[in-house]
Amino acid sequence: MGMRGIAAALAAAIFGMGLVASTGASAQVQMSDGVKALYEAAKKERELTWVTSQSNAEYAEDVAKDFSRLYPGVTVNMIRTTGQVQFQRLTQEMKSNTVSVDAYSTYEETHLVELKKQNAILNFKPENAAGLADSLKQIAEEGYWYPTAVSPVAIGINTKLVPADQEPKSWPDLYDPKWKGQVAIGHPGFSGSAGVWVMAMEKLYGWDYMEKLAKNEPQIGRSIVDSVNLILSGERKVAMVPIATVLESESKGQPVKVIYPADGTLVLGGSSLIPAKAPHPNAAKLFMEYLMSKEHSEFTAGQGRIPLRADAPKPTLGMPLSAYKNFVLPTEHALSNVNRIKEKFRDTFGI
Amino acid sequence: MAGLSLKNLGRRFGTFEAVKDLNLDIAQGEFVSLLGPSGCGKTTTLRMIAGFIDPTAGTIDLDGKILSAPSGSLPPEKRGMSMIFQSYAIWPNMTVFENVAFGLRLRKVPSADIKRQVHDMLNVVRMGELADRYPSELSGGQQQRVALARAVVIKPAVLLLDEPLSNLDANLREEMRFEIRRMHDEFKITTVYVTHDQSEAMVTSNRIAVMNQGRIEQVDEPYKLYSRPKTRFVASFIGRTNFLNGTKAADTASFEGFQVPLSALAEKAPDGGAVTISLRPQAIRLHRANPAVSGKIALGGRIAERAFLGETWDYQFAARDGGLTLKVAAPPDTVFEVGAEAWVELDPGEMVPIA
Amino acid sequence: MNVSTDALGTTASGGRVSRLAMFQPVMLVWVALAAILVFLIVAPMEELVVSSFQHADTGDFTLENYAAAYSKPRYIQALWNTLKMGAAVVALAIVFAVPLAWAVARTDMPGRGFMRLAMLGSFISPPYLSAIGWILLAGPNAGWINKAWQWVTGDPGRIVNVFTFEGLVFVMASNVFFLIYIFTHSAFEMVNSEMEDSANILGAGPLRTAFKVTFPLILPAILGSAIITFLISIALYGVPALISIPARYPVVVIQLSEFFGNTPIQLEVAAAYSIPLLLITAVLLGLQRLVLRRRTHTTVTGKGGERRIVKLGAWRWVMFAYAMIVALLTLVAPTFVLFVAAFSKVWTRGLEWSNLTFRNFYYIVFEHSTSQQAIVTSLTVGAAAASVAIILALGIAYIVQRRLLPFAGALSFLAMAPFVVPGIVLAIGFFAAYAPPPFALYGGVSILILAFITRFLPVAYTASAAGIRAIHPEMEEAVRSLGGGRLTAVRHVVAPLLKRTLFAGWLLIFIPAAQELSTAIFLIGPKTRLVSVLVLDMSEEGRYEHLAALGCVLLVILALLVWAGFKIAGRDFMLRRDAS
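Residue numbers (the working numbering), protein chains in the order written: chain A, 95 to 445; chain B, 326 to 680; chain C, 54 to 633.
Bear in mind the hints are in silico, worked out from the structure with no lab data behind them.
C-beta atoms are modelled at their ideal positions from N, C-alpha and C, and glycine is treated no differently.
Certain hints may be false.
As the list claims (entries may be wrong) - To give an idea of the interface, some chain C residues facing chain A are shown, with a C-beta separation under 10 Å as derived from the structure:
{"hint": "1", "residue": "L458"}
{"hint": "2", "residue": "P459"}
{"hint": "3", "residue": "P491"}
{"hint": "4", "residue": "A557"}
{"hint": "5", "residue": "A617"}
{"hint": "6", "residue": "I621"}
What the hints assert, rightly or not - Derived SDA-like pairs (lysine to any residue); straight-line CA-CA distance at most 20 Å:
{"hint": "7", "chain 1": "A", "residue 1": "K309", "chain 2": "C", "residue 2": "T217"}
{"hint": "8", "chain 1": "A", "residue 1": "K254", "chain 2": "C", "residue 2": "V498"}
{"hint": "9", "chain 1": "A", "residue 1": "K189", "chain 2": "C", "residue 2": "R402"}
{"hint": "10", "chain 1": "C", "residue 1": "K580", "chain 2": "A", "residue 2": "A158"}
{"hint": "11", "chain 1": "A", "residue 1": "K159", "chain 2": "C", "residue 2": "T423"}
{"hint": "12", "chain 1": "C", "residue 1": "K398", "chain 2": "A", "residue 2": "P349"}
{"hint": "13", "chain 1": "C", "residue 1": "K580", "chain 2": "C", "residue 2": "V429"}
{"hint": "14", "chain 1": "A", "residue 1": "K438", "chain 2": "C", "residue 2": "R402"}
{"hint": "15", "chain 1": "A", "residue 1": "K436", "chain 2": "C", "residue 2": "Q319"}
{"hint": "16", "chain 1": "A", "residue 1": "K438", "chain 2": "C", "residue 2": "F313"}
{"hint": "17", "chain 1": "A", "residue 1": "K346", "chain 2": "C", "residue 2": "F396"}
{"hint": "18", "chain 1": "A", "residue 1": "K254", "chain 2": "C", "residue 2": "G207"}
{"hint": "19", "chain 1": "A", "residue 1": "K159", "chain 2": "A", "residue 2": "P349"}
{"hint": "20", "chain 1": "A", "residue 1": "K211", "chain 2": "C", "residue 2": "N408"}
{"hint": "21", "chain 1": "A", "residue 1": "K346", "chain 2": "C", "residue 2": "R402"}
{"hint": "22", "chain 1": "B", "residue 1": "K480", "chain 2": "B", "residue 2": "S524"}
{"hint": "23", "chain 1": "A", "residue 1": "K272", "chain 2": "C", "residue 2": "P209"}
{"hint": "24", "chain 1": "A", "residue 1": "K371", "chain 2": "C", "residue 2": "D110"}
{"hint": "25", "chain 1": "A", "residue 1": "K274", "chain 2": "C", "residue 2": "K200"}
{"hint": "26", "chain 1": "A", "residue 1": "K189", "chain 2": "C", "residue 2": "D110"}
{"hint": "27", "chain 1": "A", "residue 1": "K254", "chain 2": "C", "residue 2": "G403"}
{"hint": "28", "chain 1": "A", "residue 1": "K159", "chain 2": "C", "residue 2": "F396"}
{"hint": "29", "chain 1": "A", "residue 1": "K254", "chain 2": "C", "residue 2": "F396"}
{"hint": "30", "chain 1": "C", "residue 1": "K398", "chain 2": "C", "residue 2": "D110"}
{"hint": "31", "chain 1": "B", "residue 1": "K549", "chain 2": "B", "residue 2": "F568"}
{"hint": "32", "chain 1": "A", "residue 1": "K210", "chain 2": "A", "residue 2": "N191"}
{"hint": "33", "chain 1": "B", "residue 1": "K513", "chain 2": "B", "residue 2": "E670"}
{"hint": "34", "chain 1": "A", "residue 1": "K346", "chain 2": "C", "residue 2": "F411"}
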């Protein structure tokens with residue numbers, strides 16, 4: 095084979111691969127009749143607007159691209175914002191009857207309950223919900239919202255600054271006086287995840303836990319992602335962290351590590367719903383099916399995040415959901431305690 | 326009638342009456358000055374004519390059409406007048422040419438005509454060379470010429486000037502007075518000129534309206550105003566004068582030290598028992614001995630004070646009988662020492678009874 | 054040969070002037086302006102006050118909101134903390150500003166040109182970026198200063214901590230002191246050397262003269278600007294959000310955001326809680342008015358004389374050192390750190406070749422769609438707000454200055470009124486008035502632009518009024534006497550003459566508006582992104598390298614615009630200041 099031949103073969107190979115990637119993708123999806131019908135209807139609507147606070151913008155962008163790859167002809171306008179802002183926005187839109195949101199993803203259970211109370215949720219039962227891990231099914235409110243993300247909260251440490259024999263083992267280690275001035279936590283007034291964590295600690299150890307922690311003068315961030323950065327930079331040595339971010343940094347060779355507390359990793363469940371007056375309901379339903387589909391679980395696992403389905407492969411980073419010694423806080427408890435906890439926290443920590 | 330007519334014009338600002346019951350007719354092509362001290366209402370009157378201020382009483386009309394009335398006034402831009410301001414108000418963002426052309430452009434004159442008219446006008450005011458300059462590159466006098474050209478080039482129905490020379494230095498001011506007069510002679514535009522400077526008014530005007538405290542005291546030709554003042558204010562505001570107070574009998578008026586037949590006075594004395602006359606210092610002659618001229622009055626006395634002003638001597642004469650003192654102006658060669666004996670010769674024909 | 058009035062298209066016959074001929078379009082303009090001002094200022098403020106007395110659900114009159122807003126000692130503490138912080142910030146800002154202003158205006162200190170430039174830099178650099186710079190510099194464990202100290206001395210302890218009351222005050226002061234500098238600088242320039250000379254001739258030495266003559270003369274300027282600085286610092290959101298939370302020093306703005314952060318939003322309580330801020334501002338501005346009235350009195354007498362430069366001798370180097378330290382601490386150091394972080398793979402590694410990367414900029418400018426959108430939106434919102442505010446202010450200032458219409462004073466009062474309203478309180482008013490139907494503006498760009506217009510209207514009005522005051526009314530009367538209407542006069546004479554002033558005013562609004570955070574924080578919706586808010590979001594996620602790159606992009610764009618401003622409007626456009 096001459097040089098020309100090699101070049102031609104290479105070109106054919108590259109071209110062919112591209113062909114496979116672009117046309118083969120949608121063909122790979124195993125669509126049930128119900129999903130197929132939704133896809134046909136969604137194609138007529140062409141697009142949907144997805145407002146999410148369940149991940150950072152980069153990951154959400156990738157999710158949106160993956161959806162459009164599987165379902166060509168339906169594009170996702172992704173808007174990443176904070177839980178508080180997306181809720182305000184949606185309620186304002188509802189009041190003025192100009193709802194633009196089709197899919198709504200959040201960790202804030204209080205908002206979900208509030209929306210249900212206002213009859214603002216489209217009633218829809220995704221067929222793929224059946225495949226979710228059993229531990230997650232309890233998060234769903236049948237016909238209203240379904241879990242679409244989990245975020246385990248554990249302890250993160252800076253491996254350069256914390257010698258192996260000094261590593262914390264459980265949550266109460268955070269108030270060990272040796273970590274005075276070296277702990278970071280999130281503020282429940284700004285972060286919903288921090289709020290759930292505070293409630294969980296209260297449930298496990300009583301408010302005494304926070305009183306003791308306060309003596310260690312933790313640095314209090316507005317978000318719990320902030321504390322990952324604090325241990326990364328060495329500003330603090332140990333912190334309460336969302337594990338996804340820490341695992342990602344660790345995989346890039348940075349000196350951080352997740353410690354799964356012996357007394358349990360807190361698993362936060364985030365849910366998604368379709369607003370009652372969503373302008374593209376079929377596209378939104380298709381998107382909900384996608385978020386709970388096998389394909390999405392595979393995508394999630396491939397991205398090093400925790401897949402939600404029982405039949406999903408092991409994630410490339412960290413552990414599958416089933417491996418956690420975890421505790422999930424009942425929704426009712428969270429709802430009835432969230433405001434009390436915020437106030438109590440402010441009183442204890444003075445901010 | 327053709328021309329500008331102010332009828333019973335009045336303007337109040339709150340409780341202050343700036344202009345009161347003012348009547349003035351200005352014939353077409355006439356040049357009339359409003360002369361008076363600051364605060365006399367002359368600028369207010371001018372601005373009412375221009376349309377910047379609405380009258381609170383009376384009317385202003387031009388060629389029989391009402392421009393201003395308390396019920397409402399035509400805005401300035403619709404009056405077809407033009408005005409020259411104390412600050413010149415030359416627009417610094419436009420060249421000399423553009424400044425002068427502005428009014429013509431507003432009138433949608435074809436641009437070739439504009440060019441010709443502006444250049445002609447600039448030549449009239451001797452600014453033809455400087456057409457492309459910006460105002461910041463001009464002297465005060467040159468800016469004033471531009472203002473003049475800009476106002477005249479549109480051939481306004483009435484030209485209004487508001488103390489246009491007060492910001493110029495003395496030499497330029499004198500030159501510009503004649504310039505303004507020359508422009509008027511050339512274009513015969515009905516002109517109202519506001520000034521507090523009597524010589525400016527005298528050089529430029531056909532008639533002068535002397536204003537005081539919101540009223541017109543007297544309207545007359547410049548010479549008449551000087552020689553036949555009608556009020557005490559006019560007599561003292563235009564030049565210097567001596568006021569003599571006397572009493573009136575059947576046909577004579579008696580003053581301190583002398584009597585004059587009423588018929589010999591310059592004007593008919595107003596009714597009433599008292600009479601005041603104005604007698605200009607220039608109308609009094611000074612003698613070393615009793616001149617004894619028939620029909621004139623001679624009074625003996627001495628020189629109390631003197632000052633030499635270059636063009637004249639300024640004497641203070643004290644009469645021997647009675648307490649009368651008189652200001653006397655005499656030519657430079659008429660020299661009297663202070664304390665010297667002297668006689669004054671008074672001409673009853675120069676004595677103007679005033680109101 | 055005379056052109057009669059008919060040539061201009063109007064005739065008036067009989068005893069009256071025809072109605073149509075009398076009509077002037079300015080009247081309509083007045084009505085329109087008044088309506089706009091009511092929309093922009095009166096309605097939001099009225100809504101703020103009214104909603105503070107309204108029950109959240111029923112809308113009935115209630116005092117519950119006040120009870121809720123002041124129910125906890127913590128809430129009262131935040132108010133008290135805010136006042137304490139404001140006072141400390143002002144004191145430190147005076148220490149920074151006054152010696153510098155004197156040295157630059159009146160002495161032969163070297164580097165005066167550089168100091169002018171540094172003050173300009175202070176104006177361009179938004180407080181939240183400088184706060185982030187200081188977090189990187191003076192973080193208690195990872196901050197560069199502490200790390201350098203540990204490396205040099207081997208001592209594991211720390212020497213600085215930005216997350217303290219002192220740190221908060223310092224960062225605030227370094228961001229607001231340039232206002233005091235500008236006011237004091239012009240006051241020093243107003244003080245006539247002859248006044249000092251006459252004290253000298255009467256036997257006073259230079260020091261005595263300085264304390265007995267010079268400083269009393271500029272005292273009103275210092276006091277006036279100190280009050281404004283106080284007001285600005287207690288209403289600033291970014292710096293407390295970044296520093297006072299970790300420092301555990303609660304202040305009013307943080308407490309307000311807590312009320313806003315609850316579910317459902319406690320808008321009514323937030324309104325009630327912001328009323329004291331409004332009252333403090335109103336009282337202090339009244340005080341400032343009094344002070345400034347006296348100042349005008351003194352500066353009028355100081356006009357026209359020549360100003361001599363004080364020869365400092367060897368002391369000039371001491372002064373120079375002080376000036377450089379202030380410039381370094383307030384501007385150079387935090388900005389430098391920000392730039393280094395922007396070019397770093399990991400900011401904690403600092404200046405290392407292996408750490409250098411352009412990736413962050415590439416990411417911000419080309420990859421991260423949110424930040425591209427944010428840059429465009431920030432600049433657009435800033436430009437739109439500045440343009441509308443200037444046009445609006447120009448119209449009002451014109452009517453007021455030319456006494457065109459009765460009750461023009463009411464317009465000018467309204468135009469200056471937002472000065473009394475802290476940005477964050479204004480935002481609450483706007484939210485209360487325009488977020489709900491029928492306007493339903495929340496979430497869009499329009500509510501931001503409207504709020505920014507209101508926020509910066511006083512600046513625009515001050516600039517426009519000063520500009521119009523400088524144009525002799527006869528300039529326009531000349532147009533009118535030649536047959537042009539008032540609008541013709543504005544178009545051909547007023548507008549061209551004001552061009553430079555207006556451009557300078559525009560920049561003075563555009564720059565802070567493009568970085569404004571305090572007003573934006575409650576009005577931002579999910580689809581609208583501003584650089585300021587994005588920076589705060591990114592700081593939450595701890596992405597300091599990306600954040601720094603975004604901040605640098607904003608700084609560079611603004612610096613270029615200011616440079617253009619210099620070219621077009623002249624070197625002193627920023628230092629021109631007119632208080633009333």
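Each hint, compared with the structure:
With its C-beta approaching chain A no nearer than about 37 Å, C:L458 sits outside the 10 Å limit, and its interface hint is violated. Taking 10 Å as the C-beta contact cut-off toward chain A, the hint placing C:P459 at the interface is violated, the least distance being around 39 Å. Interface restraint check for C:P491: the shortest CB-CB distance to chain A comes to about 8 Å, inside 10 Å, so the restraint holds. Among the interface hints, the one on C:A557 is violated; its C-beta lies about 36 Å from the nearest C-beta in chain A, farther than the 10 Å criterion.
At its closest, the beta carbon of C:A617 sits 33 Å from a beta carbon of chain A; the interface hint therefore is violated under the 10 Å criterion. The beta carbon of C:I621 comes no nearer than 38 Å to any beta carbon in chain A, farther than 10 Å, and the hint placing it at the interface is violated. Of the pairs offered as hints, the one joining A:K309 and C:T217 holds, with about 16 Å between alpha carbons and a cut-off of 20 Å not exceeded. A distance of roughly 46 Å separates the Cα atoms of A:K254 and C:V498; the hinted pair therefore is violated under the 20 Å criterion.
Our distance criterion of 20 Å between C-alpha atoms is broken by A:K189 and C:R402, whose separation comes to about 50 Å. At most 20 Å may separate the alpha-carbon atoms for a hinted pair to count; C:K580 and A:A158 meet this at roughly 17 Å. Of the pairs offered as hints, the one joining A:K159 and C:T423 holds, with about 16 Å between alpha carbons and a cut-off of 20 Å not exceeded. At roughly 15 Å between alpha-carbon atoms, C:K398 and A:P349 fall within 20 Å of each other, so this suggested pair holds.
Proposed proximity of C:K580 and C:V429 is supported: the alpha carbons are some 13 Å apart, at most 20 Å. At most 20 Å may separate the alpha-carbon atoms for a hinted pair to count; A:K438 and C:R402 exceed this at roughly 38 Å. Of the supplied pair hints, the one linking A:K436 and C:Q319 holds, its CA atoms being roughly 14 Å apart against a limit of 20 Å. The suggested pairing of A:K438 with C:F313 holds, with an alpha-carbon distance near 18 Å, which does not exceed 20 Å.
Of the supplied pair hints, the one linking A:K346 and C:F396 holds, its CA atoms being roughly 19 Å apart against a limit of 20 Å. The hinted pair formed by A:K254 and C:G207 meets the criterion: a straight-line CA distance of about 17 Å does not exceed 20 Å. The suggested pairing of A:K159 with A:P349 is violated, with an alpha-carbon distance near 31 Å, which exceeds 20 Å. Distance hint between A:K211 and C:N408 is unfulfilled; the C-alpha atoms sit about 52 Å from each other, more than 20 Å.
Between A:K346 and C:R402 the CA atoms are separated by roughly 16 Å; this keeps the pair inside 20 Å, and the hint holds. Between the alpha carbons of B:K480 and B:S524 the distance comes to roughly 27 Å, so the proposed pair goes past 20 Å and is violated. For the proposed pair A:K272 and C:P209, the alpha carbon gap of about 15 Å is at most 20 Å, so the pair holds. Note on A:K371 and C:D110: the hinted pairing is violated, with a Cα-Cα distance of about 23 Å set against a maximum of 20 Å.
Between A:K274 and C:K200 the CA atoms are separated by roughly 18 Å; this keeps the pair inside 20 Å, and the hint holds. Restraint check: the Cα-Cα separation between A:K189 and C:D110 comes to about 14 Å, which is no more than 20 Å; the hinted pair holds. Our distance criterion of 20 Å between C-alpha atoms is met by A:K254 and C:G403, whose separation comes to about 17 Å. Using a Cα cut-off of 20 Å, the hinted pair A:K159 and C:F396 is violated, with the two alpha carbons roughly 29 Å apart.
The straight-line distance between the Cα atoms of A:K254 and C:F396 is roughly 24 Å, outside the 20 Å bound, and the hint therefore fails. Between C:K398 and C:D110 the CA atoms are separated by roughly 51 Å; this puts the pair beyond 20 Å, and the hint is violated. A threshold of 20 Å between alpha carbons decides the hint, and for B:K549 with B:F568 the separation of about 18 Å falls inside it, so the pair holds. For a cut-off of 20 Å, the pair hint linking A:K210 to A:N191 stands: about 17 Å separates their Cα positions.
With a C-alpha separation of about 44 Å, the suggested pair B:K513 and B:E670 falls outside the 20 Å cut-off, and the hint is violated. Between the alpha carbons of A:K346 and C:F411 the distance comes to roughly 19 Å, so the proposed pair stays at or under 20 Å and holds.
Hint compliance for this structure: hints 1, 2, 4, 5, 6, 8, 9, 14, 19, 20, 22, 24, 28, 29, 30, 33 are broken, all remaining hints hold.
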